[in-house]
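S.K.: Join these two chains into a complex; the hints should help.
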Amino acid sequence: MDRDRLAHMEDVTRRYGKYRPCGAGLGVLWGGLLLGVLGVLLLQWTQHEYAASAVPSQTLWRFLRDTPLTPPGWLQIAATVSPFIGWLGLLAIAAWAVVWGRRSRDQLLVMFAVSVPSLYLMLATDPNTNLAAGDLIIFGTYFFLMMWLLLQGVMRFSRFLKVRADLAAIQPVDE
Amino acid sequence: MKEASLKSILGLDRMVHEPARLAILTVLSAAEDVEFLFLLKVTGLSKGNLSVQAQKLEAAGYVQTTKGFRGRIPVTSFKITPEGKKALIAYHAQMRALLPKTAKK
Numbered sequence: 001m002d003r004d005r006l007a008h009m010e011d012v013t014r015r016y017g018k019y020r021p022c023g024a025g026l027g028v029l030w031g032g033l034l035l036g037v038l039g040v041l042l043l044q045w046t047q048h049e050y051a052a053s054a055v056p057s058q059t060l061w062r063f064l065r066d067t068p069l070t071p072p073g074w075l076q077i078a079a080t081v082s083p084f085i086g087w088l089g090l091l092a093i094a095a096w097a098v099v100w101g102r103r104s105r106d107q108l109l110v111m112f113a114v115s116v117p118s119l120y121l122m123l124a125t126d127p128n129t130n131l132a133a134g135d136l137i138i139f140g141t142y143f144f145l146m147m148w149l150l151l152q153g154v155m156r157f158s159r160f161l162k163v164r165a166d167l168a169a170i171q172p173v174d175e
Numbered sequence: 176m177k178e179a180s181l182k183s184i185l186g187l188d189r190m191v192h193e194p195a196r197l198a199i200l201t202v203l204s205a206a207e208d209v210e211f212l213f214l215l216k217v218t219g220l221s222k223g224n225l226s227v228q229a230q231k232l233e234a235a236g237y238v239q240t241t242k243g244f245r246g247r248i249p250v251t252s253f254k255i256t257p258e259g260k261k262a263l264i265a266y267h268a269q270m271r272a273l274l275p276k277t278a279k280k
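Chains A and B, in that order, are what the protein sequence lines are.
Here our numbering is used: the first residue of the first sequence is 1, the next is one more, and so on.
Here our numbering is used: the first residue of the second sequence is 176, the next is one more, and so on.
A couple of the hints might just be wrong.
[To be verified] Chain A side only, calculated, beta carbon under 8 Å to chain B, not exhaustive: (1) M9; (2) E10; (3) G17.
In case anyone wonders, no lab produced these hints; they're calculated from the structure.
Ideal Cβ positions, reconstructed from N, Cα and C, are used throughout, including at glycine.
Here chain B stands alone, though its shape is the one from the complex (with noise of 0.2 Å):
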C-alpha cells in the first residue's frame, strides 16, 4: 500500500466512518429532520445502540437533537447540522478516492 493511500485511510473521520453513525448521517441527510422511532426502524440499530452513537455525533456537532412531546407522548428528534453534512460529504469524497486505488492492490 502506497503512502499516499495509508495517510487517506488514517485521514478518515471516524465520526463518520463507524457503520452505525454512517448509517445515522445517512438517512439524516435525506431529509429535514428524523423522529427516534423512524431512524430506530430504518437503521435497524438498537435503542440503545441508537441512543449512543447519536449523542456522540451530536457532542460532535454533526446531529442536532430536538426533545418535544406530542401530546403526553416524548419525542425525540434529530436534525443533520451543516457540519455533519459537510463531514458526510468529505467522507463521501474520500472513499471515492480511496476505494478504486486500494481495489486494485
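In isolation and in its complexed conformation, chain A is listed as follows (with noise of 0.2 Å):
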C-alpha cells in the first residue's frame, strides 16, 4: 500500500462523494433542460410574431421595442406550469438522490431559474407593458441562466462519469 495508492484512494473518494448522483448535476441538468424548452417555445413564438407582423424594413430588435406583444395562452400555460414540473423532477431526483446519493446542491438555484419564464409571462400578460425591448434583459438572464445550468449539469456529470471510471479501474490489492 504506496503513498500514490493512498492519495489516489483519497482523492476518488472526495470526488465521489461530490458528484455521485444527484451531485452529479442532474437537478441543474433537468432544470437547464426545462429553461430549454421554454426558450424554444418564446422564440418560436416570437419568431412567428416577427414574421407575422412585422413591417418589412424593421429588424427584430426594432420589432421587439416597439411593438405591444401578448403571450398566447398556450405559452402562458407552459410557463405557469414550468416551475411546478421542475419541482415534481426536483422532488422524483431527490428521491432517488436518497437512496443512490445526495441530494442536489442547487434546488433552490433551480426553482428560481425554472420560475424566472412564468413571472416574466405574467409580466407580459399586463395590457400596460410590452413585452419588449426592456424585456430583452430578462431575456439575456434567461438565457444566461440556462446556459450556466445546461453547463453545470454538464460538468458535473462528466466529472462523476470520470469518478466512476476512475473507481472502477482500481485494482484489488495482493494481500
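M.R.: Here it is, written out as C-alpha cells:
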C-alpha cells in the first residue's frame, strides 16, 4: 500500500462523494433542459409574431422594442406550469438521490431559474406593459441562466462519470 | 539507527500502521460515511480482510459501523470517529517526522 495509492483512494473518495448521483448535476441539468424547452417555445412564438406582424424594413430589435406583444394562452400555460414541473422533477431526483446518493445541491437555484419565464410572461400579459426591448435584459438573464445550468449539469455529470471510471480502474491489492 | 528514531518507530500506532487499516482510515477520513461496497472497491481489499480489519478498527474505537436496510437490501456503512481521525493525524505526523531521519541513514 504505497503513498500514491493511498492518495488516489482519498482523491477518488472525495470526488465520488462530491459528484455521486444527485451531486452529478442532474438537478441543474433538469432545470437547464426545462428552461431550454421554454426558451425554444418563446423564441418560436417571437419569430412567428415577427414574421407575421413586422414591417418589412423593421429589425427584430426594433420590432420587439416597438410592438406590444401578449403571449398566447399556450405559452402562458407552459410558463405557469414550468415551476411545478421543475419542482416535481427535483422531487423525483431527490427521492432517487435518497436511495443512491446526495440531494441536489442547487434546488433553490433551479427553482428560481425555472420560475423566471413564468414571472416574465405574467408581467407581459399586463396590457400596460410591453413584451419588448426592456425585456431583452430578462431574455439575456434567462438565456444566461439556462446556459449556466446546462453547463453545470454537463460538467458535473462528466466529472461523475470520470470518477466512476477511476473507481472501476482500481485493482485489488495483493494480500 | 539512533535510539530516538527507534523509539519513534516503536511508538507508531500499530492499529493504524497496518496497510489495510491505514487504507480504510484514509478513505473514511475523506468522506462523511462510506458504504461497505464502495470501501471494498476503492481499497481493493478482499471482503474477508475488509470485514476483519473494520471490526478491529471498530473495537479500537476508530471506526463506527452502522447497519441498516435500503428497501430489503442490508447496507453497512462506516464512519471515522474523532478518535480515529486523531490517531490518523498523529500517525501521519509521526511518519513525516520519522521518514527523513531514517532515509538519511
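S.K.: Any hints this thing doesn't respect? Which numbers, in order?
M.R.: none
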